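With the hints as constraints, model all of the structure from the sequences given.
Just so you know, the sequences run in chain order A, B, C and D. Each residue of the first sequence is one higher than the one before, starting from 1 at the first, in UniProt numbering. Each residue of the second sequence is one higher than the one before, starting from 1 at the first, in UniProt numbering. Each residue of the third sequence is one higher than the one before, starting from 1 at the first, in UniProt numbering. Each residue of the fourth sequence is one higher than the one before, starting from 1 at the first, in UniProt numbering.
Keep in mind that the hints were calculated from the coordinates and are not lab data. Values in this document were obtained by computation on a predicted structure and should not be read as measured data. Where hints are given, some of them may not hold.
The list cannot tell twin chains apart, which means a pair is met if one copy fits it or any two copies do.
Claimed, not checked - In the DSS-like style, the derived pairs of lysine-lysine whose C-alpha atoms are separated by at most 27 Å in a straight line are: (1) K149 - K56; (2) K15 - K3; (3) K56 - K4; (4) K34 - K4; (5) K3 - K56; (6) K162 - K3; (7) K56 - K34; (8) K4 - K121; (9) K23 - K56; (10) K34 - K3.
Protein chains: 4
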Amino acid sequence: MVKKRQILVIGNNTKGCLPNHEKIAYEVGVEIAKSGSVLICGGLGGVMTAAAHGAKDANGLTVGIIPQNDPSEANEFCDIVIPTGMGLARDFLNALSADGVIIVGGGSGTLSETCAAYMHKKPMVAIRNLNSSVDPYIDGYLDHRENIKIVGADTPQEAVQKILELLSP
Amino acid sequence: MVKKRQILVIGNNTKGCLPNHEKIAYEVGVEIAKSGSVLICGGLGGVMTAAAHGAKDANGLTVGIIPQNDPSEANEFCDIVIPTGMGLARDFLNALSADGVIIVGGGSGTLSETCAAYMHKKPMVAIRNLNSSVDPYIDGYLDHRENIKIVGADTPQEAVQKILELLSP
Amino acid sequence: MVKKRQILVIGNNTKGCLPNHEKIAYEVGVEIAKSGSVLICGGLGGVMTAAAHGAKDANGLTVGIIPQNDPSEANEFCDIVIPTGMGLARDFLNALSADGVIIVGGGSGTLSETCAAYMHKKPMVAIRNLNSSVDPYIDGYLDHRENIKIVGADTPQEAVQKILELLSP
Amino acid sequence: MVKKRQILVIGNNTKGCLPNHEKIAYEVGVEIAKSGSVLICGGLGGVMTAAAHGAKDANGLTVGIIPQNDPSEANEFCDIVIPTGMGLARDFLNALSADGVIIVGGGSGTLSETCAAYMHKKPMVAIRNLNSSVDPYIDGYLDHRENIKIVGADTPQEAVQKILELLSP
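If you want it as structure tokens, here you go:
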């Protein structure tokens with residue numbers, strides 16, 4: 001059995017999620033599914049819903065890892081729901097469940113997930129110029145003691161292509 | 001999109017897992033897959049490997065939620081791996097990820113998952129007479145203040161049939 | 001600096017906590033404080049409140065590790081509050097924070113903490129005959145594969161004395 | 001019983017912790033203890049050890065919340081040790097255990113804790129100009145959707161004074 005890659009998409013929940021973020025996230029989801037990878041997301045609204053929606057429209061497999069106890073809190077595009085009951089600390093589970101991460105805008109929660117993924121040395125690609133809390137670190141180092149860049153990309157297609165390159169053996 | 005049921009199978013890891021436990025767990029996995037449900041397990045050895053193996057042999061979808069950070073610690077029959085990095089406290093995530101639970105033998109870890117599932121009021125079926133730490137509560141109440149039974153079953157087929165009945169609307 | 005022992009007291013929350021459980025838990029708290037140990041508890045009602053109350057009345061130091069985000073959910077007898085925000089999975093933190101555990105009655109939550117402590121090989125003493133979900137394992141093995149007993153005791157004084165003996169080098 | 005304030009100090013572990021970070025953290029610890037507050041820290045090296053050391057030298061009470069299972073991994077200046085066994089996700093527990101946070105330098109782990117505290121709306125003060133991953137947000141907003149500043153300070157004394165002001169009713 002060949003294990004499929006698991007790619008995490010992170011960004012704003014409903015609050016603060018602009019229409020262009022959703023459009024990009026949807027396209028990222030489509031491309032992840034087309035690559036045969038599994039889409040992992042935080043299972044809630046905004047970027048999470050859009051990315052899962054895109055992946056499902058392209059016949060992909062989707063997983064939502066949510067803060068709550070109740071699986072019905074997940075968006076309707078998650079095939080598998082992991083209700084963690086551990087609140088926002090589930091950001092660490094998202095990061096650990098990722099072979100690679102794509103960042104589409106986002107605020108403090110997205111930056112939290114970025115830090116978690118960075119500490120666990122996961123390859124990361126971020127869409128540039130989305131007014132995100134992650135912006136100061138795109139195309140640079142989140143931690144100057146580490147030699148790991150957050151790679152910038154301008155389009156969903158470029159983001160998925162770059163993460164797949166970073167993940168290829 | 002109709003959400004598939006997620007059924008958790010729990011029991012001993014490699015240590016203490018007898019051949020008949022593995023045989024039963026394998027059959028439970030087969031039946032879960034045949035019912036169109038997703039198999040959730042703890043992703044490690046013994047009963048977890050056997051159940052996932054059965055589900056894959058019957059073309060099912062499988063998820064392993066493991067204590068470690070590193071997804072390669074999961075057994076080879078997990079389509080999706082959720083590395084929690086939170087040690088044995090992942091027992092709570094297994095329980096929360098379940099619509100229903102099937103118990104195949106097991107010791108202190110299995111009893112921990114049983115308690116977690118019980119507190120979250122998940123329907124549970126346990127195979128009888130496997131010398132398990134859960135035995136004192138099969139066909140009875142784990143907590144006398146609650147009106148929730150752990151239903152006993154004698155065969156893998158009966159266990160899956162009973163959990164599906166408990167889960168049907 | 002000599003590190004003080006941390007002793008966890010577990011048992012029912014308000015629901016199902018009988019007056020004699022509270023009386024015993026209070027005395028256990030008193031004895032823990034008198035021994036110069038720190039009392040750890042789950043920070044909520046019933047046995048948790050009673051044990052912390054006893055420890056404070058004997059000028060001890062108390063810690064409450066609670067499931068919620070909000071520290072004000074803890075009972076008033078906790079000097080230090082650790083709000084975990086991770087729901088009932090905090091049972092594992094209680095167990096890990098213990099050098100030793102005293103069990104005063106209890107249902108599914110108490111049994112969950114007992115399993116967590118057992119898996120981490122913490123010494124445990126349980127008060128006998130309190131109609132607890134832990135009863136089947138008192139003076140015996142929770143997991144027949146392990147060589148660890150849950151030691152029974154008949155009084156609060158005996159319970160604290162026995163746990164201190166188990167913890168002495 | 002009047003509950004003491006719990007103040008979290010965060011910054012680099014041994015790796016990347018410069019001597020001036022340790023000196024500042026030690027003084028922050030002293031001031032926290034002198035204010036009658038409890039010092040919370042991540043229980044490991046670098047800034048965490050220095051802050052706890054300072055608090056103990058000023059007869060304060062200290063708590064270390066560590067990623068590991070084994071309490072002996074904590075530094076020697078922690079009166080209470082909470083071994084979480086949940087890896088770096090313990091950053092969320094640190095944040096939740098804080099009434100207020102003081103940031104002394106730090107990299108990706110410190111930024112993770114900062115995000116966790118920010119999402120839970122904890123008052124935060126950061127020492128300026130320590131080449132920290134938090135620097136882009138000092139005296140500004142970590143998330144432009146929130147109206148919460150990370151307040152800058154130039155000295156340990158100013159940092160503790162400012163956090164106490166933010167915490168006073």
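Results for each hint:
In this assembly of identical chains, the alpha carbons of K149 and K56 never lie at most 27 Å apart, being 30 Å within a copy and 38 Å across copies at closest. In the homo-oligomer, the alpha carbons of K15 and K3 lie at most 27 Å apart only across protomers (26 Å), although the nearest pairing inside one protomer, at 35 Å, exceeds that limit. For the homomeric pair K56 and K4, the shortest alpha-carbon distances inside one copy (16 Å) and between copies (15 Å) are both at most 27 Å. For the identical chains of this complex, K34 and K4 are neighbours both inside a copy (12 Å) and across copies (22 Å), given an alpha-carbon limit of 27 Å.
In this assembly of identical chains, the alpha carbons of K3 and K56 lie at most 27 Å apart whether taken from the same copy (19 Å) or from different copies (13 Å). Proximity of K162 and K3 under a CA criterion of 27 Å is satisfied intra-copy only: 20 Å inside one chain copy versus 32 Å between copies. For the homomeric pair K56 and K34, the shortest alpha-carbon distances inside one copy (10 Å) and between copies (23 Å) are both at most 27 Å. For the identical chains of this complex, K4 and K121 are intra-copy neighbours only, at 19 Å inside a copy versus 33 Å across copies, given an alpha-carbon limit of 27 Å.
For the identical chains of this complex, K23 and K56 are intra-copy neighbours only, at 15 Å inside a copy versus 35 Å across copies, given an alpha-carbon limit of 27 Å. Taking identical chains as interchangeable, the C-alpha atoms of K34 and K3 lie at most 27 Å apart whether they share a chain (16 Å) or sit on different chains (22 Å).
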